[in-house]
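Residue 396 is where the sequence shown starts when you use our numbering, and the numbers rise one by one after that.
Derived by calculation from the structure, the hints in this document are not laboratory data.
Note that the Cβ used here is the ideal one computed from N, Cα and C, for glycine as well.
You may find that some hints are simply not true.
Within a straight-line C-alpha distance of at most 35 angstroms, the following computed DSBU-like cross-link-like pairs (lysine-lysine) qualify [unchecked claim]:
| # | residue 1 | residue 2 |
| --- | --- | --- |
| 1 | Lys590 | Lys531 |
| 2 | Lys531 | Lys498 |
| 3 | Lys652 | Lys622 |
| 4 | Lys622 | Lys590 |
| 5 | Lys652 | Lys728 |
| 6 | Lys652 | Lys624 |
| 7 | Lys590 | Lys624 |
Label-pair restraints from in silico Cβ distances [as the list claims (entries may be wrong)]:
| # | residue 1 | residue 2 | range |
| --- | --- | --- | --- |
| 8 | Leu546 | Ala409 | 30 to 40 angstroms |
| 9 | Ala700 | Thr773 | 51 to 61 angstroms |
| 10 | Pro416 | Val500 | 58 to 68 angstroms |
| 11 | Asp754 | Ser448 | 48 to 58 angstroms |
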Amino acid sequence: MAAGAPRIFVSHLAGVPVFDPAGDQVGRVRDLVVMLRVGRRPPRILGLVVELSTRRRIFLPMTRVTGIESGQVITTGVVNVRRFEQRPTERLVFGELLDRRVKLVETGEEVTVLDVSVQQLPARRDWEVDRVFLRKGRKGGAFRRAKGETLTVEWSAVTGFSLEEHGQGAESLLATFEQLRPADLANVLHHLSSKRRAEVAAALDDDRLADVLEELPEDDQIEILGKLKEERAADVLEAMDPDDAADLLSELPEEDKERLLSLMQPSDAADMRRLMSYEEHTAGGLMTTEPIVLRPDATVADALARVRNPDLSPALAAQVYVCRPPDETPTGKYLGTVHFQRLLRDPPYTLVSSVLDDDLQPLDPDATLPIIAGFFATYDMVAAPVVDESGSLLGAVTVDDVLDHMLPDDWRETEFHLNEGEEAPTHGS
């Protein structure tokens, strides 16, 4: 754990208000959703169950939580109001972990769970349950207060929570593969039976499933998406990179595509439609619509703060694009690019407009794959801006997407024969 990272006991989160960045209340915390792991490894916090003013309970992923402070939770402001449905691999902290009888590993003594604490992992948005507050002695009845010594121990000091190694359900399978990179988990899913693949996909959270879908062959993507409930399929598409989601949507029958688009957030659906309007093997068809866009009056410090976003791929974090308002693609006039190395060389207060690289000609949205590949090879770039004839930034093409479309269709199924000590190459690494 990071030194000084706040430890929060979940009892202090029950009923606390959840706010968006503007200070408007979204709802209140009613529970925490965790995923148990094999052995005695601490559970990962997947998100919060939030009750809206309408009494509907929704799921708020931890990736949408920007801060947990005294008496409040702050979100990115983007919430999905689909009713919360618990999945097979998920456990509710208040509903299933608290007041549970477990055993101390060292003595075998039975104890009662009164509370658990959570802490954020260093340099990441992930949160884990790290400690358990226990009471020794018998459990109290409905009309008498239980007495006994209380103590706080590490999660690993208690048994009775975690999954069994020998379990054969999707629950245990997921816990076993939790540490795999998306590309490696995709390879595992590809070789499972269709039934087993659907079970594992249904149990993954939206963000994890989105990452894995991006690494799967097209036939597997379509199969998995078709077995999800339509509302969830739309959520997973929203969590995917826009260019990958648009490619997948393009392969679906027109009726299915339109139905899924109608279930997506209007802004996400608009991005999908815009990407699908371009030919597949062009800059417009390959680009992502979510590069880092800054205004001319932003500083180097502002740029570095955006680059540090752990959700960005290394290629997208390699440079920022400076444009006049609006900031969302398609933007106002594209002014130039600032490379990450340049950001490291200049003082934090320097305006990005003063350190622009405006010599490189941006890509036209109709540029073909050979032209794009030649651009990357000539200028040693890992990402390139795509600008329309009016001068507006439409998006950015990254080198991993170029490679993805230049390799043979079955490249994901290729076996890599490695010498001892080598690491397996992974897509996007």
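Results for each hint:
Proposed proximity of Lys590 and Lys531 is contradicted: the alpha carbons are some 44 angstroms apart, above 35 angstroms. Only pairs whose Cα atoms come within 35 angstroms are accepted, and Lys531 paired with Lys498 is accepted, the gap being roughly 10 angstroms. Of the pairs offered as hints, the one joining Lys652 and Lys622 holds, with about 15 angstroms between alpha carbons and a cut-off of 35 angstroms not exceeded. With a CA separation close to 10 angstroms, the supplied pair Lys622 and Lys590 stays within the 35 angstroms bound.
Note on Lys652 and Lys728: the hinted pairing holds, with a Cα-Cα distance of about 32 angstroms set against a maximum of 35 angstroms. The suggested pairing of Lys652 with Lys624 holds, with an alpha-carbon distance near 14 angstroms, which does not exceed 35 angstroms. Distance check on the hinted pair: Lys590 and Lys624 sit about 16 angstroms apart at the alpha-carbon level, within 35 angstroms; holds. One distance hint, 30 to 40 angstroms for the beta-carbon pair Leu546 and Ala409, is violated here, with the actual separation near 22 angstroms.
For the pair Ala700 and Thr773, the supplied restraint of 51 to 61 angstroms is violated, since their beta-carbon distance comes to about 31 angstroms. For Pro416 and Val500, the hinted distance range of 58 to 68 angstroms is not satisfied, since their beta carbons lie about 43 angstroms from each other. Distance hint check: the CB atoms of Asp754 and Ser448 are about 53 angstroms apart, consistent with the given range 48 to 58 angstroms.
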